[in-house]
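Colleague: The lines below spell out each chain.
2 protein chains.
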Amino acid sequence: MHMAKGRNVLIAQSGGCTAVMNGSLVGVVEEVLEHRDFDKVYGAVHGLAGILEGRLLDITMLAPWVRVRIAGTPGAVLGSGRRSLRPEEMPRVLEVLDKHQIGYFFAIGGNDSAETAHLMAVGAKDMGLDLAVMHVPKTIDNDLVFTDHTPGYGSAGRFVALATMGVGRDAEAMGDASPVTILEVMGRDAGWLAASACLAKREEMDAPHYICLPEVTLDENRFLAGMEEAYRRWGFAVAVTAENVEGPSGPLGRQQEPYFVDDFGHRYFDGAGRYLAQLVTSHLKVRVRFEKPGTIQRSLMACVSDTDAQEANLVGQAAVRYAIEGHSDSMVSLVRLPGRKYQCDTGLAPLGEVAGKVRAMPPEYLGDSAGQVTREYLEYASPLIGEPLPSYARLITPGMSWPSPKGLPPL
Amino acid sequence: MHMAKGRNVLIAQSGGCTAVMNGSLVGVVEEVLEHRDFDKVYGAVHGLAGILEGRLLDITMLAPWVRVRIAGTPGAVLGSGRRSLRPEEMPRVLEVLDKHQIGYFFAIGGNDSAETAHLMAVGAKDMGLDLAVMHVPKTIDNDLVFTDHTPGYGSAGRFVALATMGVGRDAEAMGDASPVTILEVMGRDAGWLAASACLAKREEMDAPHYICLPEVTLDENRFLAGMEEAYRRWGFAVAVTAENVEGPSGPLGRQQEPYFVDDFGHRYFDGAGRYLAQLVTSHLKVRVRFEKPGTIQRSLMACVSDTDAQEANLVGQAAVRYAIEGHSDSMVSLVRLPGRKYQCDTGLAPLGEVAGKVRAMPPEYLGDSAGQVTREYLEYASPLIGEPLPSYARLITPGMSWPSPKGLPPL
Chain F
221 MHMAKGRNVL IAQSGGCTAV MNGSLVGVVE EVLEHRDFDK VYGAVHGLAG
271 ILEGRLLDIT MLAPWVRVRI AGTPGAVLGS GRRSLRPEEM PRVLEVLDKH
321 QIGYFFAIGG NDSAETAHLM AVGAKDMGLD LAVMHVPKTI DNDLVFTDHT
371 PGYGSAGRFV ALATMGVGRD AEAMGDASPV TILEVMGRDA GWLAASACLA
421 KREEMDAPHY ICLPEVTLDE NRFLAGMEEA YRRWGFAVAV TAENVEGPSG
471 PLGRQQEPYF VDDFGHRYFD GAGRYLAQLV TSHLKVRVRF EKPGTIQRSL
521 MACVSDTDAQ EANLVGQAAV RYAIEGHSDS MVSLVRLPGR KYQCDTGLAP
571 LGEVAGKVRA MPPEYLGDSA GQVTREYLEY ASPLIGEPLP SYARLITPGM
621 SWPSPKGLPP L
Chain W
221 MHMAKGRNVL IAQSGGCTAV MNGSLVGVVE EVLEHRDFDK VYGAVHGLAG
271 ILEGRLLDIT MLAPWVRVRI AGTPGAVLGS GRRSLRPEEM PRVLEVLDKH
321 QIGYFFAIGG NDSAETAHLM AVGAKDMGLD LAVMHVPKTI DNDLVFTDHT
371 PGYGSAGRFV ALATMGVGRD AEAMGDASPV TILEVMGRDA GWLAASACLA
421 KREEMDAPHY ICLPEVTLDE NRFLAGMEEA YRRWGFAVAV TAENVEGPSG
471 PLGRQQEPYF VDDFGHRYFD GAGRYLAQLV TSHLKVRVRF EKPGTIQRSL
521 MACVSDTDAQ EANLVGQAAV RYAIEGHSDS MVSLVRLPGR KYQCDTGLAP
571 LGEVAGKVRA MPPEYLGDSA GQVTREYLEY ASPLIGEPLP SYARLITPGM
621 SWPSPKGLPP L
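Chains F and W, in that order, are what the protein sequence lines are. Counting in the working numbering, the first sequence runs from 221 upward without gaps. Counting in the working numbering, the second sequence runs from 221 upward without gaps.
There may be inaccurate statements among the hints.
[Unchecked claim] Now the stretches of chain W that chain F is said to cover, found in silico as 3 or more residues with beta-carbon under 8 Å:
| # | stretch |
| --- | --- |
| 1 | 249 to 262 |
| 2 | 282 to 292 |
| 3 | 472 to 480 |
| 4 | 500 to 508 |
| 5 | 537 to 544 |
Bear in mind the hints are in silico, worked out from the structure with no lab data behind them. We put the CB at the ideal spot given by N, CA and C, even for glycine.
Modelling step: build the complete structure from the supplied sequences, incorporating the hints.
Modeller: Listed below in structure tokens is the structure:
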């Protein structure tokens, strides 16, 4: 190992994609170009795999118009990955970093890649390599600790809210032809994303009428009663569920036949939504739709939150400045400032304490009544999804009498 | 029955919703207000059901700002329906129309509601009721005959193209962590909507790599070979399938266990996508995602095609003018004008010949090679989805050598 701190920068992207994680990449690159501390900027292709195999792309000279285009591209332009670092691979990682004179490593990722980045920081220190390691947070799941929220969440949340408004109006219009919809969204261990559907609800009649979260063990009778009540009152009902929800006897997805059994006999299951759709079908005896936008919710650029895009860029830029100031083994956090107008600054969190941890929704956001969230959650989340959601018109409400004596109902 | 032609207008919405069918409603209302031929405008609540039950909403006095909001609302603000007209109900229908002095009936719908509207035109004539019946086309399926295309298709097609671009970039970024995605879109009897995914493809590497259409019996070996080839060449593969696709032994959805069996033993099945996902999983032994946006694809206003929104309004307005001119028992069609710049005018089609017919994709759009469409289809469809699709950046291509000798790859 050479002694002087390397003047080159390495960036990696890992974990599930978000609509704005390329914006964080651009933030890092832009800020690097502002300082004389650096020579080259490399991108690791498919994260850790690219480092191990020496596949580093020189992205120092990205033209400004290319950076703009990258920030508007979904996925991860460097390639992402889910590979975790095995202890015996550490020497190889450090060898590649040393060979490319990397003094600064920026890891754009979630809590799994925080673990890898932390191990690299510790490993470099042990081996005497002067390496600044900064973790740039991203995840649509919003489940990282030590930060107000995570870039990527706002855009996915905006998609989920808009999708909920849409499927709600569709089910309402279709009436008895297909009055119930179950919308399954992502969220491995936390319900933040499913909860964002509630941002779509302005009136009691609006979707969603029930949300199912990993944080709350589902009481099937209560769920069915909630859906039936909405259907009886409004003529339609919409539930939004996280992919992973547990009932008293375990994950709901596992209450169904396996979706696929591989050659080794491993069984793969659908998510909670399909099970819930079956449940409501058999209870209400009406047509129930089951929708699952999957990776669309994290890649549809038409639903990007402007706030989220701006913050993704911000955390990338801040990571570079913190590294220049001498920080390492840290994650850039978002810190909400007090005051009526939403504003966030950046801060630092110890990476070792972020790694592998999951931030579930706190009890004060879940409220007393099953299937809904509290006003505190709505106040927390609404600035994150960017500009105000559209207002839709409604001409027909179930309480109207015919012929309608007053002519037009209030909007 | 009274003799003079009624001066009131009735509008109904029916069938599956589109993102712009409220725009057609607004088009009818706006044009009605331009003429002295009319008194009141009524909306039938949930289509035929509302007529039969006398639930007609007076919408004559919608304020301009309300009309704007309605046009931006998904679903059907009057309520839609799938009820078809039984012969014994005809007297009741005509009684309601006569009672409300309806001289003009505008049916916003697809090929099922064309049938009902046609029967009403014939029935009114037989009974001596002077009724102008105009059908205002809408369907995301684009399967109506006698029209270049159908309002609703352009916006759903834009959603499908954007969603395909997004899930493609996501699968590409994730690489071996989840390299294959099957996206199931709507399309009951025709593949127009699934085909619109191909508008997202600029380079051979881009998604989609295979599309499955109701018009083409799926050869599973050819499909698997196509998906495997894409995966081997590009490191990821995306197929877009219509919900209804047939294999040699019938609908693909029915190759699976039923999704639900009701109390009468009726079996309900998933669509083609879930079956295809199982097929690819077992063939390639990699993680395959199955995404199904469902009603999101016809209700997400963030993906509305400006061309589609404008044409939806246009057909509504034209229907009123044709009715004033004395036409009846007709559908307003869209007629593409010759010339390099895309432009459409309206025309008329005999409603009796539209009713119940399905326009499948013609052979010249399907081409020789399975799983793709022809350039002719792309030229046909690309103006319909509105403003140009975004351009995304790509830094990594499978053919690159490491270390990359030329630095940055071409964009």
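Colleague: Establish whether the coverage given for the stretch 500 to 508 of chain W by chain F is satisfied; the threshold is a Cβ-Cβ distance below 8 Å, and no fewer than three residues must meet it.
Modeller: holds (count 3)
Colleague: How does the stretch 472 to 480 of chain W fare against chain F when you require at least three residues with a CB closer than 8 Å, holds or violated?
Modeller: holds (count 3)
Colleague: With a Cβ-Cβ cutoff of 8 Å, does the stretch 282 to 292 of chain W contain at least three residues near chain F?
Modeller: As far as the stretch 282 to 292 of chain W goes, the hint holds, because 5 residues have Cβ atoms under 8 Å from chain F.
Colleague: Are at least 3 residues of the stretch 249 to 262 of chain W within less than 8 Å of chain F when you compare beta carbons?
Modeller: violated (count 0)
Colleague: Closer than 8 Å, Cβ to Cβ, for at least three residues: run that test on the stretch 537 to 544 of chain W against chain F and report holds or violated.
Modeller: The restraint on the stretch 537 to 544 of chain W is violated, since only 0 of its residues have a Cβ under 8 Å from chain F and three are required.
The earlier numbered hints that this structure contradicts are 1 and 5.
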